[in-house]
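Based on the sequences and whatever the hints tell you, model everything.
Same order as they appear, the protein sequences are chains U and C.
Under our numbering, the first residue of the first sequence carries the number 1, and numbering increases by one thereafter.
Under our numbering, the first residue of the second sequence carries the number 1, and numbering increases by one thereafter.
Do not rely on the hints blindly, as some may be mistaken.
Stated by the list, open to error - No farther apart than 27 angstroms at their CA atoms in a straight line, the calculated lysine-lysine pairs in the BS3-like style are these:
| hint | chain 1 | residue 1 | chain 2 | residue 2 |
| --- | --- | --- | --- | --- |
| 1 | C | 84 | U | 2 |
| 2 | U | 39 | C | 47 |
| 3 | C | 47 | U | 23 |
| 4 | C | 164 | U | 58 |
| 5 | C | 47 | U | 26 |
These are computed hints drawn from the structure, not numbers from a lab.
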Amino acid sequence: MKAFNYERATSLAEAVAKVSHIKGAKFIAGGTNLVDLMKLQIETPTHLIDINDLGLNKIEASADGGLRIGALVRNSDLAANQQVRRDYAVLSRALLAGASGQLRNQATTAGNLLQRTRCPYFYDTNMPCNKREPNSGCSAIGGYSRLHAIVGVSNSCIATHPSDMAIAMRLLDATVETVRPNGSTRTIPIAELHRLPENTPHIEHTLEAGELITAVTLPKPVGGTHLYRKVRDRASYAFALISVAAIVQRDGTGRVAVGGVAHKPWRVEAAERDMPRGAKALTAGILANARITHDNAFKVLLVERTIASVLNEAKA
Amino acid sequence: MTTFDPSRRKFIQTTAASTCAVITAKLTTEAEAKSVLQPKQVVEPAKINILLRVNGSEHQLMVDPRMTLLDALRERLQLTGSKKGCDQGQCGACTIIVDGRRIVSCLTLAVMQEGHEITTIEGLGTPTNLHPMQAAFIKHDGYQCGFCTPGQICSAVAMLDEVKAGMPSHVTRDLNRSPEMTAIEFRERMSGNICRCGAYSNIQDAIVEVVGERV
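Quick look at the structure:
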């Protein structure tokens with residue numbers, strides 16, 4: 001690990017001011033992803049601002065009948081929250097499909113959204129990676145790419161976003177609340193938080209330097225049957241090959257988001273009108289313009305079949 | 001065991017230290033001969049004075065911010081029950097209990113844990129006064145080499161508390177009801193603890209015994 005200084009922030013204003021003014025400074029909350037990457041010197045912060053004492057760990061009703069989830073709410077607490085289990089079950093299901101009991105006790109809501117890819121070449125500092133080192137090349141293209149993205153990819157990067165939780169948040173039209181270094185606040189629809197790789201895969205989200213996520217809000221519950229199906233190489237504690245999050249209403253309409261296929265949680269609203277027509281039509285819309293490799297071609301059919309299975313389960 | 005452990009540990013430490021010394025000496029000579037390495041300014045981060053509360057006792061420590069909680073427990077407090085398996089949060093061998101909740105101690109920094117109540121395997125029970133989970137692991141042969149065992153036991157103890165508190169899991173059928181104490185729940189909830197020897201079925205039996213039900 002590279003040397004860094006550490007301090008605990010006592011106020012939001014202090015935290016954002018420090019991270020924006022000190023070169024190489026970063027926030028730390030759960031630390032499960034950041035500490036791991038620091039050991040490998042993929043992340044090399046010069047200064048860590050610990051935000052765990054800022055009180056951003058509450059889940060409360062929002063003014064418009066939705067739910068406001070503090071940035072520091074641990075994944076296990078969010079999954080176990082009674083209102084989430086009742087009204088946003090797809091979010092509980094997605095959280096519980098991710099990581100392990102220990103990691104869910106540490107990992108936070110905002111940290112989960114901002115976690116880095118698990119592309120093996122991003123982790124292997126002996127190999128070129130445009131995300132780790134801009135313009136060094138992409139080892140996954142033409143390399144071992146079974147786990148990689150099939151939509152929204154570029155010639156620079158085919159990494160996926162690893163989160164399960166983020167897929168459910170995208171499905172639920174969550175909004176991210178932030179505070180900027182100058183103290184002003186803004187809200188970002190989750191669809192606009194994560195970026196596609198294009199030719200700058202090292203820039204993964206639309207937050208400004210020093211901008212801090214303070215909460216994630218969910219709109220009023222939409223009802224329906226909530227499902228999250230994760231397909232992975234072992235039954236538990238593994239990242240998704242692909243995952244499908246869905247809310248299906250009684251009349252057969254609904255929404256779908258897909259994980260493990262893109263650099264961001266993948267949802268194509270325009271394709272959702274085809275849900276009553278079945279999995280094939282729906283998948284064609286969701287994965288339009290897919291760009292596959294020899295290794296990950298199987299994901300197209302896997303998504304279609306998983307959607308078919310989820311739609312069947314919703315009917316049952 | 002009690003007499004063998006420290007001597008084995010000391011042996012490993014001595015051997016490792018002398019090996020390191022040899023390597024360092026060799027590198028320095030080569031570097032000097034070739035004059036390749038330029039002297040670099042070493043940046044030492046400010047050490048931080050922290051108060052760690054572990055197994056009911058308080059410890060004042062001066063630590064480098066880079067030190068993980070696992071390293072602080074093992075190298076500074078000589079609590080070597082918690083094991084360093086992967087050091088990447090993937091194996092669970094370093095699982096400990098902080099404020100009643102299980103976490104992996106390799107992915108948190110010691111400086112972040114001031115003010116928290118830390119429990120390690122050494123705090124759960126002693127050889128003469130075993131925790132029921134420790135006794136059940138022995139009775140059911142819930143280990144072979146034993147390396148993952150302290151993490152398995154800490155994880156299992158806190159896992160049962162999570163079920164009791166009504167926290168759901170990936171295999172809980174109805175999210176709106178309390179989860180049940182079933183073998184299938186235990187399997188899923190213990191997936192963060194890897195056992196290379198494959199003692200899973202015996203670990204399962206040990207947990208079931210502690211729950212006190214045939215499940």
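Status of the hints after comparison with the structure:
1. 84/C x 2/U: 20 angstroms, holds
2. 39/U x 47/C: 18 angstroms, holds
3. 47/C x 23/U: 20 angstroms, holds
4. 164/C x 58/U: Judged against 27 angstroms, a Cα distance of about 22 angstroms means the pair holds.
5. 47/C x 26/U: At roughly 19 angstroms apart (the allowed maximum being 27 angstroms), residue 26/U and residue 47/C satisfy the hint.
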